[in-house]
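**Q** Just so you know, we're using my numbering here: the sequence shown kicks off at 258 and counts up by one.
Please note that a few of the clues may not be correct.
Beta-carbon label-pair distances, calculated as ranges [what the hints assert, rightly or not]:
hint	residue 1	residue 2	range
1	N461	D322	53 to 61 Å
2	G327	K521	49 to 57 Å
3	T432	T464	52 to 60 Å
4	S402	G495	29 to 37 Å
5	N501	G298	48 to 56 Å
6	T319	D486	49 to 57 Å
7	A286	A324	25 to 33 Å
No more than 27 Å apart at the CA atoms, straight line, and that leaves these computed lysine-lysine pairs for DSSO-like [stated by the list, open to error]:
hint	residue 1	residue 2
8	K521	K490
9	K483	K436
10	K337	K308
11	K308	K292
12	K439	K496
13	K292	K337
14	K483	K427
15	K521	K439
16	K436	K496
17	K427	K439
18	K313	K292
19	K483	K521
20	K521	K496
21	K439	K483
22	K325	K337
Derived from the structure by calculation, the hints contain no laboratory data.
Every residue, glycine too, gets a C-beta built ideally from N, C-alpha and C.
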Amino acid sequence: MQDYQPDRTTPASGSYIYGRNAVLEAISAGRPIEKIFIAYGSEGDAIEQIKNNARKAGINFTTADRAKFGNMERDLRAGKGAAQGVIALCTSGITLDLQTLIGNAYGDGETPMLLALDGITDPHNLGALARSAECAGFSGIILPSGHSSPVTPAAVKASAGALEHIPVAKVSELTVALKDCKSAGFTIIGTAGESERSYSDTYNYDTPIVLLIGSEGEGMRPQIRKLCDELVKIPMVGKIESLNASVAGGILMFEILRQRNSSKEK
Numbered sequence: 258m259q260d261y262q263p264d265r266t267t268p269a270s271g272s273y274i275y276g277r278n279a280v281l282e283a284i285s286a287g288r289p290i291e292k293i294f295i296a297y298g299s300e301g302d303a304i305e306q307i308k309n310n311a312r313k314a315g316i317n318f319t320t321a322d323r324a325k326f327g328n329m330e331r332d333l334r335a336g337k338g339a340a341q342g343v344i345a346l347c348t349s350g351i352t353l354d355l356q357t358l359i360g361n362a363y364g365d366g367e368t369p370m371l372l373a374l375d376g377i378t379d380p381h382n383l384g385a386l387a388r389s390a391e392c393a394g395f396s397g398i399i400l401p402s403g404h405s406s407p408v409t410p411a412a413v414k415a416s417a418g419a420l421e422h423i424p425v426a427k428v429s430e431l432t433v434a435l436k437d438c439k440s441a442g443f444t445i446i447g448t449a450g451e452s453e454r455s456y457s458d459t460y461n462y463d464t465p466i467v468l469l470i471g472s473e474g475e476g477m478r479p480q481i482r483k484l485c486d487e488l489v490k491i492p493m494v495g496k497i498e499s500l501n502a503s504v505a506g507g508i509l510m511f512e513i514l515r516q517r518n519s520s521k522e523k
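With the hints as extra help, turn the sequences into a complete structure.
**A** As structure tokens, then:
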């Protein structure tokens, strides 16, 4: 396969991933990719690696002139330069049904940890949470169809490719999904600023856990909050009363991981 002349057409449909690292991760993960668009003049080791990996995977890539590539960035609402000269046309995000996600989580050989999201409507927060979850060893993400951002190209970009590796279960009713998790032996842990228990207090994080993160503005919905077995808080010492949802989620996920690792060492 060889580089083509500047492309004169822009695809009218499909899902996109943009950014050098995100596209590399998508190729590595075996994500179905129809074509990769590389902005004319884009250079560097990452670009060459994308081309080489695309050749090995049998994925077509083409050089798009700067004007056409800029139009694609605008269509994606990615912001000028955000794509880093690379856009991949692919199918929509890889998802599992909830029961498969639960079964796979138990089959990993470790006590499972799942992340559930309620009201995370910003794709950048979704991506950042997915990145932390993958890095902290969580088995998957439970994502409601409503009250949440879908897995958009912007979310994949913000995840730095993590959404190519961590399974996602899309559910129509988060309340039903959480009840199913409880029936499968999971403990539901949510966050609440008024809770008396700090996130860092010694807690039995060695059981199967669903960590539930709500929106930074409104928190969890009341019907979701009622399903939590435990509520924890991150104490604030400054004048601002709350953290960004993705920051709070990252702190909690790595505290769970820290305590689990500490218990293994005893």
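**Q** Taking the hints in turn, state whether each one holds.
**A** Status of each hint after checking the structure:
1. N461 with D322: 53 to 61 Å: holds, 58 Å
2. G327 with K521: 49 to 57 Å: Holds - the Cβ-Cβ distance for G327 and K521, about 51 Å, lies within 49 to 57 Å.
3. T432 with T464: 52 to 60 Å: Once the Cβ atoms are compared, 21 Å apart, the range 52 to 60 Å for T464 and T432 is violated.
4. S402 with G495: 29 to 37 Å: holds, 36 Å
5. N501 with G298: 48 to 56 Å: violated, 36 Å
6. T319 with D486: 49 to 57 Å: holds, 52 Å
7. A286 with A324: 25 to 33 Å: For A286 and A324 the Cβ distance comes to about 31 Å; the hint holds.
8. K521 with K490: Judged against 27 Å, a Cα distance of about 25 Å means the pair holds.
9. K483 with K436: holds, 11 Å
10. K337 with K308: The given pair, whose Cα atoms are some 22 Å apart, holds under the 27 Å limit.
11. K308 with K292: Given that 27 Å is the threshold and the Cα spacing comes to 11 Å, the pair holds.
12. K439 with K496: violated, 37 Å
13. K292 with K337: Roughly 21 Å between the alpha carbons, so the hint for K292 and K337 holds.
14. K483 with K427: holds, 21 Å
15. K521 with K439: The hint holds at about 24 Å.
16. K436 with K496: violated, 37 Å
17. K427 with K439: holds, 17 Å
18. K313 with K292: holds, 14 Å
19. K483 with K521: At roughly 31 Å apart (the allowed maximum being 27 Å), K521 and K483 break the hint.
20. K521 with K496: Status violated; Cα separation ~37 Å.
21. K439 with K483: holds, 13 Å
22. K325 with K337: holds, 13 Å
Checked against the numbered hints given earlier, the structure breaks hints 3, 5, 12, 16, 19, 20 and satisfies all the rest.
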